[in-house]
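Please construct the entire structure, taking both the sequences and the accompanying hints into account.
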Amino acid sequence: DAGVIQSPRHEVTEMGQEVTLRCKPISGHDYLFWYRQTMMRGLELLIYFNNNVPIDDSGMPEDRFSAKMPNASFSTLKIQPSEPRDSAVYFCASRFTGSNTEAFFGQGTRLTVV
Amino acid sequence: AQSVTQLGSHVSVSEGALVLLRCNYSSSVPPYLFWYVQYPNQGLQLLLKYTSAATLVKGINGFEAEFKKSETSFHLTKPSAHMSDAAEYFCAVRYGGATNKLIFGTGTLLAVQP
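Line by line, the protein sequences give chains A and B. Residues in the first sequence are numbered from 1 upward in steps of one, following our numbering. Residues in the second sequence are numbered from 115 upward in steps of one, following our numbering.
It is possible that some hints are incorrect.
When the alpha-carbon atoms are kept at most 30 Å apart in a straight line, the in silico DSS-like pairs for lysine-lysine are as follows [to be verified]:
#, chain 1, residue 1, chain 2, residue 2
1, B, Lys182, B, Lys172
2, A, Lys24, B, Lys215
3, A, Lys24, B, Lys163
4, B, Lys172, A, Lys78
5, A, Lys78, A, Lys68
6, A, Lys68, B, Lys215
What the hints contain is simulated information worked out from the structure, not anything from laboratory work.
This is the structure in C-alpha cells:
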C-alpha cells in the first residue's frame with residue numbers, strides 16, 4: 001500500500017481565498033483524522049471520521065473550516081475564506097478499528113496564507 | 115481532562131550517549147500509548163506502541179519504552195544515540211471507551227551532538 005496520500009504537499013494562497021486539502025486513506029482503514037501542526041499549538045486534532053461519518057469536530061477552529069468524507073477512499077478539508085493564521089502543516093491520518101491499532105500519517109500539506 | 119505531558123521540549127545528547135525522553139499521561143485507567151517520530155518536513159512515523167502484553171516495549175531503530183502504571187509514565191529510551199536519531203519525538207495516548215481521539219504531547223526535539 002502507498003500509505004496515506006495527501007495533496008498538495010505545499011499550498012500558497014492569498015488571504016480570503018478558498019483552500020481545499022485532500023487525503024486518501026489507506027485502503028481498509030475505517031478511521032480518518034485531520035490534524036493541524038503549528039509551532040505555537042503543536043499537533044491539534046481537528047476532526048475525525050469513522051466509516052465516512054464525522055464523529056467529533058470539536059477541534060475545528062471555526063466555521064471557516066469544513067471537512068467531508070464522501071467515500072471510504074477520499075476526504076477533504078476546506079478553509080473558506082483563508083486567513084494568515086491558518087498557515088500550518090495539515091496532516092491526515094488513518095487507522096483500522098482495533099483496541100491498540102496505530103494511526104498512519106500522510107506527509108502533510110504545508111499551507112501558507114499570505 | 116485527559117492529557118499527555120512530555121517534559122523537555124529540547125533534549126541534547128552526545129553521539130553514543132543514552133537517550134531518555136519523558137512522557138506522562140493523566141488517567142487512572144491505562145490508555146493506549148504510542149511514540150511517534152517526525153523527521154524534518156515529513157509526517158509522523160510510529161516508533162512503538164504499548165499493547166499491554168509486556169511493560170517493556172521494543173520499537174524500531176533501537177528504541178524502547180517502559181510502561182509504568184504506578185508512575186503513569188511511558189518514557190522512551192535508547193542506549194546509544196546516533197546522529198540519525200535527531201528528530202522530533204511525540205508521545206500520544208488514546209483513551210478507551212467512546213472516544214477514539216489520539217492526543218499528542220507537545221513533542222521533544224532531540225539533538226545529537228558529534
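Verification of the hints:
1. Taking the CA atoms of B:Lys182 and B:Lys172, the gap is about 15 Å. The hint holds against a cut of 30 Å.
2. For the hint pairing A:Lys24 with B:Lys215, the CA-to-CA distance comes to about 19 Å; that is within 30 Å, so the pair holds.
3. Annotation: proposed proximity of A:Lys24 to B:Lys163 holds, straight-line Cα distance about 24 Å (limit 30 Å).
4. Restraint check for B:Lys172 and A:Lys78: the C-alpha separation of about 39 Å exceeds 30 Å, so the hint is violated.
5. The straight-line distance between the Cα atoms of A:Lys78 and A:Lys68 is roughly 8 Å, inside the 30 Å bound, and the hint therefore holds.
6. Simply put, A:Lys68 and B:Lys215 have alpha-carbon atoms about 18 Å apart, close enough for the 30 Å limit, and the pair holds.
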